[in-house]
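Participant: Protein chains in written order, with our numbering: chain A, 1078 to 1288; chain B, 17 to 208.
Think of the hints as simulated: they come from the structure by calculation, not from any bench.
The beta carbon of each residue, even a glycine, is placed where N, CA and C say it ideally should be.
Away from chain B, derived, C-beta distances all over 12 Å, residues of chain A: (1) 1158; (2) 1172; (3) 1179; (4) 1180; (5) 1253; (6) 1256; (7) 1284.
Derived DSSO-like pairs (lysine-lysine); straight-line CA-CA distance at most 27 Å: (8) 74(B) - 1160(A); (9) 61(B) - 1275(A); (10) 1275(A) - 1225(A); (11) 74(B) - 1150(A); (12) 89(B) - 1150(A); (13) 1146(A) - 74(B); (14) 1283(A) - 63(B); (15) 1094(A) - 74(B); (16) 91(B) - 1094(A); (17) 1249(A) - 63(B); (18) 1160(A) - 1094(A); (19) 1150(A) - 1094(A); (20) 1160(A) - 91(B); (21) 91(B) - 1150(A); (22) 1249(A) - 37(B); (23) 1225(A) - 74(B); (24) 1275(A) - 63(B); (25) 1249(A) - 1150(A); (26) 61(B) - 1160(A); (27) 1181(A) - 1275(A); (28) 91(B) - 1146(A); (29) 63(B) - 1225(A); (30) 1160(A) - 89(B).
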Amino acid sequence: MRLNKSKNIPDSYDQMKDRELVALYRENEDQLAFKELMNRHQAKVYSYIFSMVHNREVTNDIFQETFTKVITKMDDTYNEQGKWIAWVMRIAHNATIDHIRKQKRFVDVKGSYDDDSKTDFYDRLPDEDAVAQDEKLELDESTSELLKHISNLPEEQRTVVMLRHYYEMPFKEIAELTDVSINTALGRMRYALINLRKMFDEELEKQPNSV
Amino acid sequence: MSREDTNSIKYILEEMDPAEKVEFERVMESNPDLRIEVESIRRMKGKLDNLPDLSPPKHLTDSILTAAADQAKRKQSFKSGYFLSAAVVILGLTTGSLILQGSFGENSDSGIEAGAFSSFGNGMIKTEVTQTSDIQPWVDRQDVLRLNGFESLSGPTFLKEAGNSINKLRPVGKYPASEPFGRSVQLTGSNR
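For reference, chain A alone in the conformation it holds in the complex (with noise of 0.2 Å):
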């Protein structure tokens, strides 16, 4: 989804490759080109990161940190041979996977009953259908089952089929991104894929109406 076009944005943007924009914005300071390059891009950066944290301020929080290391990183870190967009999702998947080995950091702390709060490990534990409640107000229904079901793999397996998903991100780049192998990029995707199918099957044993 595209921000509404700026009648202040020439047509001409719209034919310029990535590169030639991050150029026209390094070299010239054209605020223009950096508007159409997020115009491009957002929707997918968005909603790569709110496919894996499943809640809307943490999205909005590293969507802000992605795009403010974009900014302000663009002229000393991001080298013109790479593809902007892969540098900048490279960008706001460490951000995202920051976040959320922190929030498992947060999980693990405390184990026992605590006098203070009257609450044990159980009742501390975040509630997260209660998130997805939240966020289902603004999906369908299958849309948030699928959305759920996701929130459920592993990490690892979440992450290629968002990167797959999003950016259409060849094996290669998924792989270095990673940091592990072609085929391990590959069979993480394909054990995603089987685990969503089970998990479906799952709910829909549930279902009363099931046979």
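Got chain A sorted already, so can you dock chain B onto it with the hints?
Facilitator: Same frame as chain A, but now just chain B:
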């Protein structure tokens, strides 16, 4: 993960080259389990295709675009400052170089005293350089008194400087026996 295990996913995601694809389809013909797996994975992949693209809220994109604009402005002002500084440095170096060239040009003619003039803007700056010669007497191995620094002198200046240098000579009071070939100046020309 074996190659065989990943073939089904490579096939569905069209990551196989044509030869691999033909070979895989041939294997699939004779393997019903593989056909079932491929079909199952394909159906699941089809479900993923329905995942929606979500858009970030407008306030978020606006704030990012504002940050990009601010960054662009900072870069512009940095560039302006950088070019201004570079211009000042270049101007300074050029002027300095001109001044020095002028002064050395004069020196090479006169040797000791030189006046260098250079123009800077509308005014004239006079740079006066006075070189004081430093003529040093010394005695060579044959005990001959030599005076360094006379090469560039001539006429009355030579005589004046020579006189000054001679005045620098001091008789040796107590010559140290441990230095038979010392390079001290001795009026007698002998070290014994």
